[in-house]
Structure formats: C-alpha cells, structure tokens
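4 protein chains.
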Amino acid sequence: MSALPLDEELAEFMNERDWDQFHSPENLAKSVVIEAGELLECFQWGAEADLDRVRSELADVLTYCRLLARKLDLDAEQIVREKLAVTRGKYPVEKARGRSTKYDQL
Amino acid sequence: MSALPLDEELAEFMNERDWDQFHSPENLAKSVVIEAGELLECFQWGAEADLDRVRSELADVLTYCRLLARKLDLDAEQIVREKLAVTRGKYPVEKARGRSTKYDQL
Amino acid sequence: MSALPLDEELAEFMNERDWDQFHSPENLAKSVVIEAGELLECFQWGAEADLDRVRSELADVLTYCRLLARKLDLDAEQIVREKLAVTRGKYPVEKARGRSTKYDQL
Amino acid sequence: MSALPLDEELAEFMNERDWDQFHSPENLAKSVVIEAGELLECFQWGAEADLDRVRSELADVLTYCRLLARKLDLDAEQIVREKLAVTRGKYPVEKARGRSTKYDQL
Chain C
1 MSALPLDEEL
11 AEFMNERDWD
21 QFHSPENLAK
31 SVVIEAGELL
41 ECFQWGAEAD
51 LDRVRSELAD
61 VLTYCRLLAR
71 KLDLDAEQIV
81 REKLAVTRGK
91 YPVEKARGRS
101 TKYDQL
Chain Y
1 MSALPLDEEL
11 AEFMNERDWD
21 QFHSPENLAK
31 SVVIEAGELL
41 ECFQWGAEAD
51 LDRVRSELAD
61 VLTYCRLLAR
71 KLDLDAEQIV
81 REKLAVTRGK
91 YPVEKARGRS
101 TKYDQL
Chain R
1 MSALPLDEEL
11 AEFMNERDWD
21 QFHSPENLAK
31 SVVIEAGELL
41 ECFQWGAEAD
51 LDRVRSELAD
61 VLTYCRLLAR
71 KLDLDAEQIV
81 REKLAVTRGK
91 YPVEKARGRS
101 TKYDQL
Chain Z
1 MSALPLDEEL
11 AEFMNERDWD
21 QFHSPENLAK
31 SVVIEAGELL
41 ECFQWGAEAD
51 LDRVRSELAD
61 VLTYCRLLAR
71 KLDLDAEQIV
81 REKLAVTRGK
91 YPVEKARGRS
101 TKYDQL
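Chains as they are written, first to last, in this note's numbering: chain C, 1 to 106; chain Y, 1 to 106; chain R, 1 to 106; chain Z, 1 to 106.
Because the hints were derived from the structure by calculation, they are not lab data. Incorrect hints may appear among the rest.
Because identical chains cannot be distinguished in the list, a pair is counted as satisfied if it fits within a single copy or across any two copies.
To be verified - With a straight-line cut-off of 20 Å between C-alpha atoms, the simulated SDA-like cross-links for lysine to any residue are:
#, residue 1, residue 2
1, Lys95, Ala85
2, Lys83, Arg70
3, Lys71, Glu8
4, Lys71, Asp60
5, Lys71, Leu4
6, Lys83, Glu16
7, Lys71, Glu12
8, Lys71, Pro92
In this text, all values refer to a predicted model and were calculated from it rather than measured experimentally.
The whole structure should be built from the sequences, with the hints applied where relevant.
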C-alpha cells in the first residue's frame, strides 16, 4: 500500500476532498462517538460479532481519533502512554488486581 | 518513558492487574463508546474545550481501541489504511470535493 | 411532587437558570449521547448493574430527549408511535419472529 | 392510531415478534447509546439537521429508553421528576443562572 506515514496519507485524502473545513475538533469528537456507536452495534444483541464489520467500524473510530489528535497537535501514542502513567497511579496493582471496580471505590 | 512498544506496555499493565478477564471484545466495544461520550462531553456546550481534558479523554478512547484491536489480532494502522482505500472508492474526489454529503446521497 | 405537567416543570427549571441559551438542538443531541454513554457505563463490565445508578442515568437520557423533543415541537409519545408503525412494516411478524436480524438482512 | 397506552403497544409489538429474549437491560442500554449516536449523526457536520431524520432517530432512542424502564419496573416520568429534584439541589438558581459550568466547579 502507500509508502506515506499514515497521518500524512489521511491528510492527503482530506486535502484532495477539501474536507478540512468540516473537521473542527467538535465535529471530530462527534464523529468519534457516532462511529463508536456503530462499532457497538456489532455487539448489540450479544457477545458474538462479525469480524469484518468490527474491523471496518473500529477503523472508522481510529480514523477520527487520529484526525482529532492531528488537529490538536497531539501525538496519539504519546497521549496513550501519558494516560497509562496516570492510570497506574489510580489503580495500584495490589488494590486493583482482579477487580473491575472504579478507582474511586477501590 | 518506557522502552516497550505501546501494545506490549498496555498488555503488561493489564496482566499485572489481571484485567484481561474483563476485556471481552463486547466489553471493550462498550468501553470505546463510553469513553467517546466523555470525549464529546468536553464539547457539550460549544466548540471550545479544555485541551488537557480532551487529551485525557482521547487517550482513553484510543487505549480501548488498541486493546480491542489486539484482542482481535487486528493491526490498528493497517485497518485504518484498508478502510481509507474503501472510502476512496465511495467518495471520488470529483464528486465529494468540498461537500459533507454522505456517499449514498452524492 | 409537582402538580405541573412534566414538560412544563422541565421548562420552568431551565428558565429559572436561563439555560435555554445552551439548549440548541445540536447541543441537546450531544447531551443525549453523552448521558447514554453514562447509562451504558452501568453495564460496562457485565450484565449486572446497580439499579439506583441506572435509574439516575436513564433519567438523564430521558430528560435531554424530552428537552430536544420540546425544542423541535415534537410530541415524544407520538413520534414513538409513528416510528413503531414504520418498524412494523420493516419487521413483519412472520419474518422477524424470534430473530434479532436487521431488517435489510431478513 | 392505537387506543392502547404506549407501553402496552410496545409490549405487544415485542411479544408478537418474541423479541423479549434479546431485551436484557444490558442490551437495551447498548441500544440506547447506539441510537443516540444515530441521532447525533443528524448533527455530525453542523447545527442544521433534517427534521424528519431527527424525529425518527429520537423516536428510536425514546423507544429503547421506555423498554429499559419497563424492564426494570421504572416509571419514565417519575424518574425524570426525581432526578430533577436532585439536580435542583446541585444547581441552585443563584449560582447556576446563565452558566453551563458543571456543578462540581460552580
């Protein structure tokens, strides 16, 4: 496939279509949750889902996440790492092990 | 920060806490949309949002997306590229340029 | 409790706080999905949920739905009845009985 | 239209199709957020939306909310009134007037 880094390929795609005008952070945030709803629709009535559909919908969520990150000059990998460090603090291993309880009730 | 690739760092974090048991694809899909709602909450009453909050909520969405991708043996970058190829077909430049119209109404 | 019809009680509450200015249809639609995410959070890790939390979050979803309906001069009961008639047409009993399949795949 | 109360009409519709088996509280909560995403899609790229589409999607959200309420023996009107009383306490008029600030930051 393309030799371009993914973010550049996405940017090229959007520029060709002059779609940047629609991609305010607010509209991208709406788009993330709209696509996340479609992803969940794969699991609406149970745990089993069609893998091709999941792949396609998850791709849509990730696409809008990346567009939003880029729009705000955020590095997608870096913010995940930073948040993980915060979450480590909220969920120490000895307290959180084997429990799905929220941190404020641990 | 960590020298581990991000997916391995996430896996290590989950393993330490024995959280994999909660991370069925269905529960991860639910988590993606729950966090996407929190991301949108940054923009609930308007276009302006606190960047630190957006960064934190977007990180949560991305984290659950990556966990879901890994759980289903999908490569996050690759599925975005594949979907982009599909979208190219649905939105040819000459038709889609400068319009936010959905492909089935173009 | 109040002797006012519910929609009027909600309107009074919003007017006292001068909140109508924030309640564009778009912002209300965002609010519906934000609260729907919180409702789903009650079921994030499984089928069991705390009933008081569900009650509270479902109330929030319903509140924003009613505010949106009123803003657009829609009658909440009537649109549900109308949509049910449409759905009857898409899901005839003989085809849909006992199946969760979407109408376009029946 | 029907002379039945709406909840009974919905129950009859579901019974005819034997759909109650799919309507666990968890699945209904998923359905609420899925439909809420479709409602928001009407406003994905801006404040203007097609009223017929909004009417149809809002009806879907309300339908699943009602099914969930009924499943949990909750009265939709009553829980909205109860929550409104709670919200009154969190947002006193003198503090909240004309502001969209969340209660914990007022």
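Going down the list of hints, with the structure as the test:
When the C-alpha separation of Lys95 and Ala85 is checked against a cutoff of 20 Å, the pair qualifies only within one copy, where the shortest distance is 16 Å, while the shortest distance between copies is 36 Å. For a Cα distance limit of 20 Å, the shortest separation of Lys83 from Arg70 qualifies both inside one copy, at 17 Å, and across copies, at 18 Å. Within a single copy, Lys71 and Glu8 get their C-alpha atoms as close as 12 Å, which meets the 20 Å cut-off; across copies the closest is 27 Å, which misses it. In the homo-oligomer, the alpha carbons of Lys71 and Asp60 lie at most 20 Å apart both inside one protomer (17 Å) and across protomers (18 Å), since each shortest distance falls under that limit.
For a Cα distance limit of 20 Å, the shortest separation of Lys71 from Leu4 inside one copy, 18 Å, qualifies, whereas the shortest one across copies, 27 Å, does not. Only between protomers do Lys83 and Glu16 lie at most 20 Å apart by alpha-carbon distance; the minimum there is 17 Å, versus 34 Å within a single protomer. Taking the closest pair of Cα atoms, Lys71 and Glu12 come within 20 Å of each other only inside a single copy of the chain (14 Å); across copies the shortest separation is 30 Å, beyond that limit. Taking CA atoms no more than 20 Å apart as the test, Lys71 paired with Pro92 passes in neither setting, with 33 Å inside one copy and 23 Å between copies.
In this structure, only the earlier hint numbered 8 is contradicted, and the remaining ones agree with it.
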